[in-house]
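Undergrad: Chains as they are written, first to last, in this note's numbering: chain A, 664 to 840; chain B, 62 to 725.
Hints are not guaranteed to be accurate.
As the list claims (entries may be wrong) - Which stretches of chain B does chain A cover? Using the computed rule of at least three CB atoms under 8 Å from a CB of chain A, they are: (1) 332 to 342; (2) 426 to 438.
To be verified - Restricting the straight-line Cα-Cα distance to at most 20 Å, the calculated cross-link-like pairs of lysine to aspartate or glutamate (DMTMM-like) are: (3) A:K764 to B:E217; (4) A:K772 to B:E217; (5) A:K764 to B:E306; (6) A:K717 to A:E824; (7) A:K716 to A:D769.
What the hints assert, rightly or not - The following label-pair restraints were derived from C-beta to C-beta distances: (8) B:G670 to A:K701: 51 to 59 Å; (9) A:A681 to B:N452: 41 to 49 Å; (10) B:P102 to A:D828: 27 to 35 Å; (11) A:A681 to B:F513: 23 to 31 Å.
For the record, the hints were derived by calculation from the structure and aren't laboratory data.
Treat the numbers as computed from the prediction; the structure is a model and nothing was measured.
Beta carbons are placed, not taken as given, at the ideal position from N, Cα and C, and that holds for glycine.
Take a look at the letters that make up each chain.
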Amino acid sequence: MKVLRYLVPLAVFGVIVAFLAVGLNRDPREVPSPLIGKPAPVFQLAQLHAPDKKLGNADLRGQVWLLNVWASWCVSCRTEHPLLLELARAQVVPVVGLDYKDQPADGRKWLASNGDPYSVSIVDLDGRVGIDWGVYGVPETFVVDKQGIIRYKQIGPITAEALNDKILPLVRELQKS
Amino acid sequence: MIPELGHFALILALCVALAQGVLPVVGAWRNDAALMSVAKPAARLQFLLVAFAFGCLAYAFVTSDFSVQNVAQHSNSRLPVYYRFAATWGSHEGSLLLWMLMLSGWACAVTLFSRNLPRSVIARVLAVMGLIGVGFLAFLLFTSNPFARLTPAAPEGDDLNPLLQDPGMVIHPPMLYMGYVGFSVAFAFAIAALMAGRLDAVWARWSRPWTTIAWCFLTIGIALGSAWAYYTLGWGGWWFWDPVENASFLPWLTGTALIHSLAVTEKRGTFKSWTVLLAIVAFSLSLLGTFLVRSGVLTSVHAFASDPARGVFILMFLAIVVGGSLTLYAARARAVGGGASFGPISRESFLLANNILLVVAMASVLLGTLYPLIIDALNAGKISVGPPYFNAVFYPLTAPLVFLMALGPIAAWRNASLPDLWTRLKWALGVAVVTALLLPIALGRWSPLVAFGMFLALWVFVATVVTLVQRLRSAHHGTLMAKLRANSASWYGMLIAHVGIAVFIVGVTLVKGYEVERDLKMDVGQSVDVAGDTFTFRGTTPADGPNYSAEIGAFELSRNGKLLRTLKPEKRTYLVSGQPGTWAAIDTGLFGDRYISLGEPVTDAGAKGAWSVRIYVKPFVDWIWAGCFLMALGGFIAVADRRYRLAPKRKSAPAPVAVPSAAD
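Isolated chain A (complex conformation):
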């Protein structure tokens, strides 16, 4: 019995580690965005490469599309940029870029030097559309379905896992329906 007594701390620690290991695979920040399942907030913004032309929700209806929030001043955006370029090359789904609180000239220069994965980019100069969409950090990415309803939100840079395990399967499913 006395031997067992000295094993108690080890046993308690074992239980804690088991829980921590399970906890590692969960994301405590994965609080579902209140916008998921709701119609995408209405917007009508000037295009980055054609400032006199505008783009709004109605232009995108009938297809599945992604909204990627980015900015030339955003360092984490560089992390996800190669994945977005790959996605653009594969031509699976149109990606709309929302250049968030950025000078259009800086944005154009940034895309020119890093590559442009976006089917179209729009400019949210004062961040108002970002507020409607509940953006609280750049980058963020939304999946919008054919009916214009937000289905998924990625907070922070897109990772290869998030893209292959969540975003792409969801996009394919939505495109079939």
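Given chain A, work out where chain B should sit, using these hints.
TA: Positioned in the frame of chain A, the structure of chain B alone reads:
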């Protein structure tokens, strides 16, 4: 070039740490003096290499080298130079490097202050610290390289989180890490003792000063973090039971228990296996805290970029280090044996009660911290555990702890008698009870909780004074100075730390009992009376700082029609990140603070220059931190005790290896 040198130094440090972690243990096992003597120079070299790497990173930050990704993400050229330097540890990678710097620094300190230790003990202690270093260096190099380059280089950096742009934040992390990492020394001593199968009073004497110093730094670190939260978060709170705060509080509670149980082991030879367990647990909780902060398993205000690969690495490291040491404990602790027996009423039993209460309090905080994770892991939903749980559990556990704290120092070792304690302390008890009952009336409003809190504080304070007076009286000869000198520094340190607790309790009790918090809208020229003081809003003026623009408010504070001073809270907007920053203006006083922070400008029609404003009156709030600093001061005084500097007595020391060392 410089970042590559830093990177290279870290790789070298890893090689040195491997040598330091393996060779001396083999040497101690085979009684090979040459292998054992690797430990000291290796530990010193490792420190130099890590310090060099740290210097390289700091250089990259100070010179704004945005080709380093870490710098580009956490600094900005418009940041003042001292914050550029402090930004070195503002990121995940940088703070880990700081952690590693502290670890190698502590090991280096062990080599400098261990002349009297037998060579095999030093060899094992430094080897254990070397192995911990291997883990952290590998973690840095393989998952969190602070020197990773960014191509192409960013033209400008992302800026340091505005909340961290504060003098308190410059010193809070180093202090906290000194404490966290300092427990690695006590841990290494414990593991070394278990390896050698030798746990005795001498081991406890060696461990004590290291443990106490680490505890002092941890106390200061936690207090600074709390004070920082108070004046920068803009709503006057000083403790939030946030997971990361808890992560620092868990080792503190365990370390406090360890300090007391080491005292028993040194003086009486008892509690040995318990003490060694506490030493392991204290450092394990430091590691667990690292895991919780870095892995992103819990949500917290201290958000570091979380990355599953890092979480897996630290969890494995945690499992190896803690699992390994607890296995060693299970295998060896049985052989340790008990010490001298003691009666149910004795200083030992009071200290045992202290230990049990502290550990139970620690366990309840740990449970509350991990509970959301446990519930999520069991698929039972997402919950958060907040202050109501912690307050409901923590206060009832600490009240008896504090009550017993007054009895411990005055009770005799081995066997004390209750009637004797009653004779010695009845006046202290009477004074504490009566004053505690009357004081709330004098303060304006009687409340049972305030009376109870004040009773605990007064009881500790008066009993501590009585302990001092009776000790001095019992010495028959000599002047007062001679009598004062007759007691050890560690005894005075203990008294001061206990008074610190009393001061801390006064702060907590009176803030909780009598604070006044007003959230209101104020027009320019409007006055408001809060707790006997008049605050008049004189509008805001714009001002520019080096990397922010601000609105500075002016509030006249007057009492009985007499102007005392003008308070100037700021609302800042940091240019790069666009993040707001709230700088409260605080009129600090011995008996309390008057605290103003600006909310948002009110933009209703007709309201010209009006702002939403928070005005708080916080009685005795600074006593909270003063109490913490007294505790730390007590600890530092205790460490200065002469007996830690004397060579251990021949008869109780393990036989030293009879080979002269060229290194010393």
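Undergrad: So does B:P102 sit 27 to 35 Å from A:D828, Cβ to Cβ?
TA: violated, 50 Å
Undergrad: Would the pair A:K764 and B:E306 pass a check requiring their Cα atoms to be no farther apart than 20 Å?
TA: violated, 34 Å
Undergrad: Checking one constraint from the list: CA of A:K772 to CA of B:E217, max 20 Å. Satisfied?
TA: holds, 15 Å
Undergrad: Under 8 Å between beta-carbons, do enough residues of the stretch 426 to 438 of chain B, three at least, approach chain A for the coverage claim to hold?
TA: Since 6 is at least three, the answer is holds.
Undergrad: Tell me if the straight-line CA distance from A:K764 to B:E217 falls inside 20 Å.
TA: Distance ~16 Å between A:K764 and B:E217 Cα, so the pair holds.
Undergrad: Confirm or reject the claim that A:A681 and B:N452 have a C-beta distance inside 41 to 49 Å.
TA: violated, 29 Å
Undergrad: Given the hint of 23 to 31 Å, check if A:A681 and B:F513 actually sit that far apart at their C-beta atoms.
TA: Check failed, 40 Å falls outside 23 to 31 Å.
Undergrad: Between the stretch 332 to 342 of chain B and chain A, see if three or more residues pass the 8 Å beta-carbon test, and mark the coverage as holds or violated.
TA: holds (count 4)
Undergrad: Is 51 to 59 Å a correct range for the gap between the Cβ atoms of B:G670 and A:K701?
TA: For A:K701 against B:G670, whose Cβ atoms are near 38 Å apart, the range 51 to 59 Å is violated.
Undergrad: Verify the proposed pairing of A:K716 with A:D769, using a straight-line Cα cut of 20 Å.
TA: Status holds; Cα separation ~19 Å.
Undergrad: Can the restraint linking A:K717 and A:E824 be considered satisfied, given a maximum Cα separation of 20 Å?
TA: violated, 33 Å
Comparing the model with each earlier hint shows violations of hints 5, 6, 8, 9, 10 and 11; every other hint is respected.
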